[in-house]
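Quick note, the sequences are listed as chains A and B, same order.
Numbered according to our numbering, the first sequence spans residues -12 to 469.
Numbered according to our numbering, the second sequence spans residues 8 to 269.
Take these hints with a grain of salt, some might be off.
Claimed, not checked - Lysine-lysine pairs mimicking BS3-like chemistry, simulated, CA-CA at most 27 Å apart:
| hint | chain 1 | residue 1 | chain 2 | residue 2 |
| --- | --- | --- | --- | --- |
| 1 | A | 345 | B | 195 |
| 2 | A | 371 | B | 121 |
| 3 | B | 195 | A | 12 |
| 4 | A | 371 | B | 70 |
| 5 | A | 457 | B | 39 |
Unchecked claim - Derived list of chain A stretches under chain B, where covered just means 3 residues or more per stretch with a C-beta under 8 Å from a C-beta of chain B:
| hint | stretch |
| --- | --- |
| 6 | 1 to 10 |
| 7 | 426 to 437 |
It is worth saying that the hints were derived from the structure and are not from the lab.
Quick reminder that beta carbons are idealized off the backbone N, C-alpha and C, glycines included.
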Amino acid sequence: MTASPTSAQFVLNAHQAFEDEQLQKALHLTREGFVANRAAAAARLPEFEALRDSARDIKAHTLGLLDLYLEAYEKKVIEAGGTVHWARTGEEANSIIIEICKRHGAKTVTKGKSMVAEETGLNDALAAQGISPVETDLGEYLIQLRHEMPSHIIAPAVHLTRDQIEADFRRNHADLPPERDLTEPTALLAEARGVLREKFLAADVGITGANFLVAETGTSIIVTNEGNGDLTQILPPVHIVLTSIEKVVPTLEDVSQILRVLARSATGQDISVYTTFSTGPRRPGDPDGPEEYHVVLLDNGRSSMLGTDFADMLRCIRCGACLNHCPVYQAVGGHAYGWVYPGPMGAVLTPSLIGIDKSAPLPNASTFCGACESVCPVRIPLPKLMRHWRERQTERGLAPQAQRWGLGLWGFFARRPDLYRLATRIAMPLLAWLGRSEGRFSRLPLANGWTATRDFPAPQGDTFQAQWRKRTKTAAAHGDGE
Amino acid sequence: MTPSPDGKPRVALFVTCLVDLFRPSIGFAALKLLEDAGCEVFVPSQTCCGQPAYNSGDRALAKALARQAIDAFSAYDYVVAPSGSCAAMLAKHYPGLFADNPNLAGRANQFAGKVHELASFLTDVLGIEAVAARFDRRVTFHDSCSGLRELGVAAQPRKLLASVDGLELVEMEECETCCGFGGTFAVKFGEISTAIVERKVENIENCGAPVVLAGDLGCLMNMAGKLARNGSPIELRHFAEVLAGMTDAPAICAAAAPQTKR
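Could you put together the complete structure from these sequences and hints?
Okay, here's the thing in structure tokens:
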């Protein structure tokens, strides 16, 4: 489900995340696993760092010639008997999909995991037309039951605990015996599998996303661990791929190169359980496959990122490593970011897609620790791009007033070294005197964000520069000067 | 570069504004380490490297402060800062600020090439393997983010600390994870910053060391502030104080003697 973005109230969302005990429990349980698994996977592969360079270069090269590769891709899809639809906006993409569904009289649509479908709000759009979308990825199914958005781009229900999932299943699968034992995660999995199996068989249309599109062959590729994507796209008579334009790469060779860093960065797997290639509809002699194959290619602002500071963001292969390694994401989870894409990649991408005015806090909500960039498989300079958003905000006068005022005052002194030295020579000993008994302050004006939970150290007294000048003057007076 | 007449490297100390204002003892410790290493040390008039402005998106102010620092520090062989964060600003971000200005890009690049973080300068540039200091405590070390990820500072301070008599280094879990400081982030996003530093404090307490060392005063103030609020007796210091044998000053957030004598 897609709601209107709440990214602008990130601070409030984060506050609610801290109050949510179940969420904090879930975040605590998962945070170390992702990091350890990725580190182990990277360590097992001596060429891992070189592969990151290569993945970066493949994506950068493709983006530089994106129009050519997209046209080449479309040509190959048509040759394979499929159709490519171009969508400028999310609404256009949804309309195209609804039109295809209606043409086939679709009542039930199964869906593989797709962040682009979250971006367009496809489920709500289908439901409004009387078409029932069924998420078949376990995590997506869980959050569909709860009418929530994914909180992570590869693990949509990572914010939920086992207890919550059991309660949701008992509530929603009311026709199953209430006395059944659901304490083991495998029992939950088996139940979801049973429920979903019927949906797979009933589906009129299957919709998946795509991790990659291959220009040389017209192939779309999904990378999954559950096998639901295969059932979604093979069983119904119609397969629709909903994805975005930056997913194209030139060749199958390029894909196999990037696949070597994708799963390792995401979950620490050498490769995901399923890597599924789809090229056009079922051909004569094929044992299975859909009768129609459509690809809906969404732009939604991406083409206007090309040639700007933010073009690097289009290299993203949606592995989620930047989320997993981000201390802010680890603390507040994905929902606090208020829209589809959370964490550092969301802090850069969301303003590009929905506007910086609707997502102002996101690029600011980072310590710039750089952990995200240090693990990004395609080496996106995420802190630099967040900083670019901050610069745009300053240029457009969108920076918070307190920040502008504070920086302005600091800048006034910092640009005048003599005045700075004079002011600090007076102020710091005074502050030191005020804090002399404890060596710290438990409250400071204008710094409540700090002192609400932390003490602030009192200065030692005279500034370094004041002491240095005193010292060099004394030395000079004694004739052993500099 | 003009070496000084007696062949000593001429080093300008970029003391950083936080050290200048809040904890000059770190600056004097750095000064002693550099002089002991055979450098002639200068302290040009200085204010702030501009990082708070740069990271807040105020590029114009950042540029103004960068020009000021480049003007004040370019005459020396080296520029050394007891901070990975400020050194990274000078070395890694100044060139980018002037990349579109051919009149200044060359100077900014040349300046950036002279900048070093303190521990990295002592070991990587001067080749120092050991210091003459004693500190009979178990310590743990927090890797500050900018120094670690932008300048590759991790082994250098540990190497020097290993040479301190009596010092035992105990590594904490997640020593390379951010402490939640992030400059103005700590105030603008106080609740999140607090959650991050709480986790850091947990890791510090679990490792059992009574002293935490790091190379950036900002991170130290954040961790010390949280530990002090919790009533913890754990002491926080810049590693330079220990390397220079200058640990007389009360630890960060600690009251002056005699209260700190335990």
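* Please write out, lowest number first, the hints stated earlier that are contradicted by the structure. => none
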